[in-house]
Every structure is written in C-alpha cells, then in structure tokens.
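These are the residues of each chain, in order.
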Amino acid sequence: DTAVSQTPKYLVTQMGNDKSIKCEQNLGHDTMYWYKQDSKKFLKIMFSYNNKELIINETVPNRFSPKSPDKAHLNLHINSLELGDSAVYFCASSQVTGFAGELFFGEGSRLTVL
Amino acid sequence: GENVEQHPSTLSVQEGDSAVIKCTYSDSASNYFPWYKQELGKGPQLIIDIRSNVGEKKDQRIAVTLNKTAKHFSLHITETQPEDSAVYFCAASRDFGNEKLTFGTGTRLTIIP
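Chains A and B, in that order, give the protein sequences.
Residue numbers are given in my numbering: position 40 of the first sequence equals residue 30, and the series is strictly consecutive.
Just so we're on the same page, my numbering is the position in the second sequence counted from 1, plus 144.
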C-alpha cells in the first residue's frame, strides 16, 4: 500500500487551462503539505494543512487553491496555468504539526504547461 | 527567514570511497536538521536527522555532524555503493509551532563503479 499517493503522475496541458492534482495519505497523519520542485531541483513549500485547516500559505499566487475535504486528502487546483507553473509537485504528510518530524512524500506529479 | 546553502551541487566518488556534503544555515534558532535522499522519479525520503542537543549521529554507513556555533552541518556516507547515487537535500527548521522546513539546493551524488 502506497503511504502517500498522488494522481496524476504526469500532466501535460496548455497555458490558460485549469487542472487539479489529488493527494491521499493512509498513514493517519494530521498534517499534509504541497511542495513545488523546479527544474533545478529546488524544493519549496507551498501550503501546509493541519486537520483540514490551512497553516502555511507560502506566498503562492491565488491561482493555486488547495482543498482538504478530510485530513487524509489534500488536493491542489491550479487556475489559468502559466508556463512558469511547469514543475514537479509533491504532496507530503507528517505525524507532527510543524516541521520537526519526518515528512513522507508522494512520488510527485510532473506538470508541463505548453 | 531561514536560508540554507548546500555544497557541492554535484559530487562523483568511486565506489567504496566516502562522500561528504556540507550545509550552512542562517537562523541561529533552527534546531532540527534532517537529510533527505531523492532517487530518480521518486519523492524525497528521510535518511537521517539531528537535533541541536547532539553534535553527531550515526546510522550504519551514514552520519551527520552539527556545529551550532558555526551554523553548519554535514552528511557523511562511508563505503559508498551504487545505490547511494541520488540527489541529497539538507534542511533546517525550528522544531516548534508551525515553522517551515527550509531545504538546501540539493547535491547530485554519483557513485562510479
């Protein structure tokens, strides 16, 4: 059983479109995150949620809207896609609130905007 | 905010030799320092972490050292094997509240058979 699963794994779309990436964790963790990894492999936090509540919004454009229907799911919806949104998006979860514990990452969703 | 610098960006070592990756951080209040390994096509995975109340931690072939005065910490991999080839990330955070984890820029380690 995959602990943190993301779908889709690959996403190719045109500029201006809207797309969603789904994430589910079966670890029973309270906290979930979205990270963006650019072409240079730099990992940057986008959002963190604790038990469905937004904890961190790291100055992400409001075209990005996370939604957490329950503490096991954190989806990412992106409106009006731009070329610069091309990246690998990672979902992660942790048992502890805050960042002093292990993060469990999904395998990533590679978004390519043409 | 926290700034984490990581060196080198790429590192190639012969199989069986040791590899060392170094990181410096800027926030003197940071006290949690994990290291993540990212294999091709996978998400990062925690391999070892250290908190500021210890100076060194070992787990089989990997070890991490921390110098709080100088604000730097290092990952040491001994007796490297081909499966150690990956991108390694250091990170730092304060370990209370909702402080964010700041990652270094990554080191691509290649083990030459």
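Honestly, the hints are just simulated from the structure, not real lab data.
A few of these clues could be false.
Claimed, not checked - With a cut-off of at most 30 Å between alpha-carbon atoms, the simulated DSS-like pairs for lysine-lysine come out as follows: (1) B:Lys186 - A:Lys34; (2) B:Lys215 - A:Lys12; (3) B:Lys166 - B:Lys215; (4) B:Lys215 - A:Lys31; (5) B:Lys202 - B:Lys212; (6) A:Lys57 - B:Lys215.
Okay, the hints, checked on the actual structure:
1. For the hint linking Lys186 (chain B) to Lys34 (chain A), the alpha-carbon distance of about 16 Å falls within 30 Å, and the restraint holds.
2. Pair hint Lys215 (chain B) plus Lys12 (chain A) does not hold up; C-alpha atoms about 38 Å apart against a cutoff of 30 Å.
3. With a C-alpha separation of about 11 Å, the suggested pairing of Lys166 (chain B) with Lys215 (chain B) holds against the 30 Å cut-off.
4. Taking the CA atoms of Lys215 (chain B) and Lys31 (chain A), the gap is near 24 Å; set against the 30 Å cutoff, the hint holds.
5. Taken as a hint, the Lys202 (chain B) and Lys212 (chain B) pair is honoured in the structure, with Cα atoms around 18 Å apart against an allowance of 30 Å.
6. Distance hint between Lys57 (chain A) and Lys215 (chain B) is unfulfilled; the C-alpha atoms sit about 37 Å from each other, more than 30 Å.
Violated hints, listed in ascending order, are 2 and 6; each of the other numbered hints is respected by the structure.
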